[in-house]
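Take the given structure of chain F and dock chain X to it, following the hints.
Heads up: the sequence lines are chains F and X, in that order. For the first sequence, numbering that gives the first Met the number 0 gives the first residue as 0, with consecutive numbering after it. For the second sequence, numbering that gives the first Met the number 0 gives the first residue as 0, with consecutive numbering after it.
In case anyone wonders, no lab produced these hints; they're calculated from the structure. One thing to keep in mind: the hints can contain errors.
Listed below are several chain X residues computed to face chain F (Cβ distance under 8 angstroms; list not exhaustive) [claimed, not checked]:
1) 38
2) 49
3) 51
4) 70
5) 74
6) 83
7) 85
8) 89
9) 91
10) 94
11) 99
12) 106
13) 107
14) 135
15) 163
Mimicking DMTMM-like on lysine to aspartate or glutamate, the simulated pairs with C-alpha atoms at most 25 angstroms apart in a straight line are [as the list claims (entries may be wrong)]:
16) 152/X <-> 417/F
17) 441/F <-> 115/X
18) 441/F <-> 117/X
19) 152/X <-> 78/F
20) 206/X <-> 178/X
21) 231/X <-> 29/X
22) 152/X <-> 420/F
We treat Cβ as the ideally placed atom computed from N, Cα and C, and that holds for glycine.
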Amino acid sequence: MSAVLDFPVSSAAKPETRPYLDVFDDSALEPQWLRQARRHGVTRFAELGFPTRRSESWRYLDLQSLQQKPLLPTVPEREAHQAAARTQLAGLELPERGARLAILDGRFAPEISRIDGLPADVWFGATSRATAERPELSRELAEDMPGDTAHPFAALNAAFFADGFVLDIAAGVTLDEPIEIVHLASGIEPRSYHTRSIIRIGEGSRATILETYTGNGRYWRNDIVAVHLAAGAELSRAVLVEEGSEAVHLAEVDATLNADARFSGFALLLGGGTVRHEVSVRFAGEGARCHLDGAFVVSGREEANIVTNVDHQVPHGETRELIKGVAAGRAHGAFQGKITVREHAQKVDAHQLSRNLILGQRAVIDTKPELEIYADDVKCSHGASVGELDETALFYLRSRGIPDAEARHMLIEGFLREPVEAIAEPALRDYLLRRLARRLEKLEE
Amino acid sequence: MMLEIKNLHARLSDGREILKGVDLSVGDSEVHAIMGPNGSGKSTLAAVLAGRDGYEVTEGSVTYRGRDLFAMPADARAREGVFLAFQYPVEIPGVNNMYFLRAALNAQRRNRGEPELDAGQFLRVVREKLKTLDIGDDLLQRAVNVGFSGGEKKRNEIFQMAVLEPRLAILDETDSGLDIDALRVVARGVNGLRAPDRSIVLITHYKRLLDYIEPDRVHVLQDGRIVQSGDKELAAELERRGYGTFGEQPELAGSA
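Next comes chain F alone, as it looks inside the complex (with noise of 0.2 angstroms):
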């Protein structure tokens, strides 16, 4: 197929697709390239349409409701509601400690954002400001994202995306604070926001990311984030997604280590009506090291994934994972966790786990680890396990006069902290075992 369709696009768009190319648009002021890219983008999401539960990858996750009611991704009539963006970025209650970003209805939000005082070979700033910046790290980001031409919605992203953020580390250079990335939706209308990120991180370079993602109404929020770790870099990402109850909140991070990389990528996912974290790893130098932790929390009637895939291209890699989820009501959650070691990835380290707890009858948890081994000479391991609370522990707690609720909400967040505790900085350790906290404070189960 031509990269390039004459619009509109042919007879042979998924109909589902049909809103979004309706409004799409490339008259914008923007570079050729861009146009181009974002032509690509829309032909290609025409041509995957939405991902059906028969895929493999998206199984777990039902979209029906946002198939039938489209989400589309047009600039709003009114100004984004700046009164209610603060009221939740006050309810964050951020560490507040580095430079902060804030991204508001998909666009950066200069008003509430704080992004000067880095070092002067750090370059940070929104996405649609490095479009002319830096016009190199953009046509990465636009052009060469692993994702779009596989993922239908990575392709609407490239067709749709408005803003997002690039954060570029020279080599030899370590921030001490954490970077504050913050998504917002105002509610002001339901639609949909694409966003688009890249971090990259120069040889030797250190860096801790949180991003956190949170809004009112309905809305559908597309993410997508490139990591590049160069030789020995190290960057700690931890992502909390407190959405709103009605929102969708579909996130992809693709990122490539070289050699001796450290990543550590964290994700929380406490809140949002639907919910997908992706996270793609590969190994593209020797040495590296990978730690992908998480967990979930899902009530009512939420649903929630983590996917992970990491594929070992190189010999001497090593990867951790454990991913804890819990669900009560009627939430479904779910994890989905693929390693593949390649032929010639000898002396490769990989280890997987996902452990799970069910509260009440209705509540779902799927869990899926996998492992995909073609060299011989590597160690490999993966476990899961879905359970109910234990009852014994249980008892022991109310036989010291704990009451049943207070004891049944000890234990569920002493099953979750466990991959939170293994966040090696400590602000952001504990700022997120507050909002675990704070979210099983108000756990109906």
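The following block gives chain X in isolation, referenced to the frame of chain F:
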């Protein structure tokens, strides 16, 4: 009267009857030892008193300080001052020992209408107890019983008991599997707790613990009933004769 058990019958959820008419009265400030062979119903009695699920009381009554014990759920019993030291303390990953114990103490204080202790106030209470019990404070920062040795788990039970200061402490084979040092810690904890308004029930298989804690009364539990009661001399007699003789000659039961 601290505890009055009358004609207590209890069975497991599979229908097996374990307690077949236990009668026992424990007065204020008294220390009672309940001894008996394996399978006699000792741990079932402790579990039923503490309110563990999986047991059904089919007959009889238990009155605790004038109130019907069975009218209270397990956590309410604990807040009213009943404490069970577990034979097999439970490991609870992710729950910090200090945090757990402060929640327990504060639940009790709320129940009594007293203000809750903050972390600093609680730490002062704890430090003092640790000193008198000769327990290291490394236990505090670990998850409840996780990775504890057998002896550490039992010490942790005694430490919890010391902090919670129960009215009625029931120790279910706390001495089993302990070396002599740990046994001394347990004994020191129990003896330190003896007070006019407090009673202690020691459930044990062996006389050894009673060399360190002198009981006011000793009872023999056999096949779900108390078959003999006496003073501390009864424990010595049991040690000499073994439990077998009591089982073979139940008619002796009333003679002591």
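To see whether the hints hold, each was checked on the structure:
no., hint, verdict
1, 38, "21 angstroms, violated"
2, 49, "5 angstroms, holds"
3, 51, "6 angstroms, holds"
4, 70, "16 angstroms, violated"
5, 74, "4 angstroms, holds"
6, 83, "5 angstroms, holds"
7, 85, "7 angstroms, holds"
8, 89, "4 angstroms, holds"
9, 91, "5 angstroms, holds"
10, 94, "4 angstroms, holds"
11, 99, "7 angstroms, holds"
12, 106, "4 angstroms, holds"
13, 107, "5 angstroms, holds"
14, 135, "21 angstroms, violated"
15, 163, "7 angstroms, holds"
16, 152/X <-> 417/F, "22 angstroms, holds"
17, 441/F <-> 115/X, "22 angstroms, holds"
18, 441/F <-> 117/X, "23 angstroms, holds"
19, 152/X <-> 78/F, "61 angstroms, violated"
20, 206/X <-> 178/X, "15 angstroms, holds"
21, 231/X <-> 29/X, "13 angstroms, holds"
22, 152/X <-> 420/F, "24 angstroms, holds"
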